[in-house]
Amino acid sequence: MERELTLKKIEGLQTIETAARSLNMSKQTTLNLLSKLKKEGYVTTTGGGRQKRIYKISLKKQRSRDPGMFDILNKYSPKMKLAPWFDHQVHGKYGPEEALIDAIKTKSFRVILVSLRLFSHIRDWKKVYRLAKENDCWQQVGALYEVARKYFRVKSMIERYIPKKKFKKKIFLLERYKTKEKDFYSIEKKWNVTIPFRKGDLLKTEL
Amino acid sequence: MITYHDQIELFTLMSKQLKRDVVCYAFGGNAMMFYGYKDETKDVDLLFEDEKGRQDFIEALKEAGYKETSLFKIYTEDKVKEKNAPLMFKRGEGRFDLFVKKIFRTVLSPKMKEDLEAVHDFKDKFNLKVNVLKKEHLVFLKAVTSRQNDFDDIKTIVKKEKHFDWQYFVDEVVWQYQNGNDWAVLDAEKMMKELKEYVFIEEKYSKQLYAALK
Numbered sequence: 068m069e070r071e072l073t074l075k076k077i078e079g080l081q082t083i084e085t086a087a088r089s090l091n092m093s094k095q096t097t098l099n100l101l102s103k104l105k106k107e108g109y110v111t112t113t114g115g116g117r118q119k120r121i122y123k124i125s126l127k128k129q130r131s132r133d134p135g136m137f138d139i140l141n142k143y144s145p146k147m148k149l150a151p152w153f154d155h156q157v158h159g160k161y162g163p164e165e166a167l168i169d170a171i172k173t174k175s176f177r178v179i180l181v182s183l184r185l186f187s188h189i190r191d192w193k194k195v196y197r198l199a200k201e202n203d204c205w206q207q208v209g210a211l212y213e214v215a216r217k218y219f220r221v222k223s224m225i226e227r228y229i230p231k232k233k234f235k236k237k238i239f240l241l242e243r244y245k246t247k248e249k250d251f252y253s254i255e256k257k258w259n260v261t262i263p264f265r266k267g268d269l270l271k272t273e274l
Numbered sequence: 006m007i008t009y010h011d012q013i014e015l016f017t018l019m020s021k022q023l024k025r026d027v028v029c030y031a032f033g034g035n036a037m038m039f040y041g042y043k044d045e046t047k048d049v050d051l052l053f054e055d056e057k058g059r060q061d062f063i064e065a066l067k068e069a070g071y072k073e074t075s076l077f078k079i080y081t082e083d084k085v086k087e088k089n090a091p092l093m094f095k096r097g098e099g100r101f102d103l104f105v106k107k108i109f110r111t112v113l114s115p116k117m118k119e120d121l122e123a124v125h126d127f128k129d130k131f132n133l134k135v136n137v138l139k140k141e142h143l144v145f146l147k148a149v150t151s152r153q154n155d156f157d158d159i160k161t162i163v164k165k166e167k168h169f170d171w172q173y174f175v176d177e178v179v180w181q182y183q184n185g186n187d188w189a190v191l192d193a194e195k196m197m198k199e200l201k202e203y204v205f206i207e208e209k210y211s212k213q214l215y216a217a218l219k
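Sequences listed follow chains A and B, in order. Note that our numbering has the first sequence beginning at 68, numbered continuously upward. Note that our numbering has the second sequence beginning at 6, numbered continuously upward.
Everything labelled a hint here was simulated from the structure, so no lab data went into it. Just so we're clear, the structure is a prediction, and the values are computed from it rather than from any experiment. We put the CB at the ideal spot given by N, CA and C, even for glycine. Treat each hint with caution, since some may be false.
[Claimed, not checked] Now the in silico label distances, taken between C-beta atoms and shown as ranges:
#  : chain 1 : residue 1 : chain 2 : residue 2 : range
1  : A       : Ala150    : B       : Gln60     : 36 to 44 Å
2  : B       : Asp11     : A       : Leu241    : 35 to 43 Å
3  : B       : Asp176    : A       : Leu241    : 21 to 29 Å
4  : A       : Glu84     : B       : Lys198    : 55 to 63 Å
5  : B       : Asn89     : A       : Leu72     : 38 to 46 Å
6  : B       : Lys88     : A       : Leu72     : 40 to 48 Å
7  : A       : Gln118    : B       : Asn184    : 48 to 56 Å
8  : A       : Lys119    : B       : Asp11     : 34 to 42 Å
9  : A       : Ser89     : B       : Tyr210    : 48 to 56 Å
10 : B       : Glu207    : A       : Asp203    : 46 to 54 Å
11 : A       : Gly159    : B       : Asn184    : 49 to 57 Å
12 : A       : Trp152    : B       : Asn184    : 24 to 32 Å
[What the hints assert, rightly or not] According to the in silico footprint, chain A covers these stretches of chain B (three or more CB under 8 Å from chain A):
#  : stretch
13 : 31-45
14 : 179-190
15 : 207-215
[Unchecked claim] Computed cross-link-like contacts, EDC-like style, restricted to lysine to aspartate or glutamate with a CA-CA straight-line distance of at most 20 Å:
#  : chain 1 : residue 1 : chain 2 : residue 2
16 : B       : Lys164    : A       : Glu78
17 : A       : Lys271    : A       : Asp138
18 : A       : Lys174    : B       : Asp120
19 : A       : Lys128    : B       : Asp158
20 : A       : Lys160    : B       : Glu14
21 : A       : Lys103    : A       : Glu71
22 : A       : Lys127    : B       : Asp158
23 : B       : Lys167    : A       : Glu201
24 : B       : Lys128    : A       : Asp138
25 : A       : Lys128    : B       : Asp157
26 : B       : Lys128    : A       : Asp133
27 : B       : Lys134    : A       : Glu201
28 : B       : Lys116    : A       : Asp154
Isolated chain A, as found in the complex (with noise of 0.2 Å):
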């Protein structure tokens, strides 16, 4: 109970001076206590050395996080960042390839918007298409892959999954969208899928 209102008094963003004020202890006191919460996970800090040291507090603990889709699409996406909306985590093996997945399966024009920058770190094309034929969305990676490669260096896809027949099914990326921009009626044409980007949107995802 006590350790609560303890919390209360300091919840938020904290330097070691502002804390010690709020809690009306000395600084050495502060310090003490703070390290005594960071070890029981209420409290973690940034900076430190030349920055001055930040404390984040919280009446919840703050638990040590795997890496998830929106960790990895904002890793490799230099520019245009995502503002997750769900904290989502993968405890296993997880990386471009399986984020580009995930990102498709949101149907959100940011997210596959910014899964394009991941075409440029997929080492295994192998994994690609056997995830995406699990997923059912091997079309729409080969029509996400041939937009990026206009814009940005991509490692190339294995030659044996470009298709070589027609797609007889007709693949939405987002519903209602249609492809407006004259430079993707090609890749509509060839791969059966609508790309719902104009070009003034790639443009906001390079360096």
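Place chain B on chain A using the hints.
Leaving out everything else, chain B in the frame of chain A:
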């Protein structure tokens, strides 16, 4: 007792035993651990969308040494008799309560499916996806399961959360009531009445619940 790290290891182990991808929803003390509200729990409450998913998970549990156990002692008699009561599996101090489609009379609402707090994927050959429900849904489900300690958990959530959306909570209660959970409003109203001793809840929310009953 199951700690947060035990839980992560348990789910990782389950994912290794699965024979296909399984999706489930965490809503009990285990969900509270994901949030950081508490450090350990007696029971892991999971809801599955279909019986097949639950059966796959049960097979994995059995391989890990868990055995089915009786619901008496844990749930009240009327809850045990309910059609949608859970299957319970125990090993030592740890317990799994596995629901399918419904938690007693509570349906997995569209809002519960859409507005998730977190998604934890445990990837091995197959994927165990654990969706963590929003705090407002956790409070509602704790109000309807009415086990020992459930009220204390509700108190913990509401006290530790700066922004608890009571309007969102009431909307969910009313939706559940309108979709066949006759006890939703009564259980929620009872819980809110008790909770008012500890936290401030605006009167308008209770009024909205009474209005739904008319």
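Each hint, compared with the structure:
1. A/Ala150 with B/Gln60: 36 to 44 Å: Between A/Ala150 and B/Gln60, where Cβ atoms are some 38 Å apart, the hint holds.
2. B/Asp11 with A/Leu241: 35 to 43 Å: Taking Cβ atoms as reference, B/Asp11 and A/Leu241 lie about 41 Å apart, which means the hint holds.
3. B/Asp176 with A/Leu241: 21 to 29 Å: holds, 28 Å
4. A/Glu84 with B/Lys198: 55 to 63 Å: violated, 44 Å
5. B/Asn89 with A/Leu72: 38 to 46 Å: Given about 41 Å between the Cβ atoms, the range holds.
6. B/Lys88 with A/Leu72: 40 to 48 Å: For B/Lys88 and A/Leu72 the Cβ distance comes to about 45 Å; the hint holds.
7. A/Gln118 with B/Asn184: 48 to 56 Å: holds, 53 Å
8. A/Lys119 with B/Asp11: 34 to 42 Å: holds, 38 Å
9. A/Ser89 with B/Tyr210: 48 to 56 Å: Distance hint for A/Ser89, B/Tyr210 is violated at roughly 32 Å.
10. B/Glu207 with A/Asp203: 46 to 54 Å: Roughly 47 Å apart at Cβ, these two residues keep to the hinted range, so it holds.
11. A/Gly159 with B/Asn184: 49 to 57 Å: violated, 36 Å
12. A/Trp152 with B/Asn184: 24 to 32 Å: Because 25 Å falls inside the window, the suggested range holds.
13. 31-45: Three-residue rule met by the stretch 31-45 of chain B, so holds; n is 5.
14. 179-190: Violated - the stretch 179-190 of chain B has 0 residues with a Cβ nearer than 8 Å to chain A, which falls short of three.
15. 207-215: Since three or more residues must qualify, the claim that chain A covers the stretch 207-215 of chain B is violated, with 0 doing so at under 8 Å.
16. B/Lys164 with A/Glu78: Distance of about 13 Å is within 20 Å: holds.
17. A/Lys271 with A/Asp138: Roughly 19 Å between the alpha carbons, so the hint for A/Lys271 and A/Asp138 holds.
18. A/Lys174 with B/Asp120: holds, 15 Å
19. A/Lys128 with B/Asp158: Given that 20 Å is the threshold and the Cα spacing comes to 15 Å, the pair holds.
20. A/Lys160 with B/Glu14: holds, 15 Å
21. A/Lys103 with A/Glu71: holds, 14 Å
22. A/Lys127 with B/Asp158: Within the cut-off at roughly 13 Å; holds.
23. B/Lys167 with A/Glu201: violated, 42 Å
24. B/Lys128 with A/Asp138: holds, 17 Å
25. A/Lys128 with B/Asp157: It holds: about 18 Å lies between the C-alpha atoms, which stays within 20 Å.
26. B/Lys128 with A/Asp133: holds, 12 Å
27. B/Lys134 with A/Glu201: Holds: B/Lys134 and A/Glu201 sit about 16 Å apart, inside 20 Å.
28. B/Lys116 with A/Asp154: Holds, at about 17 Å.
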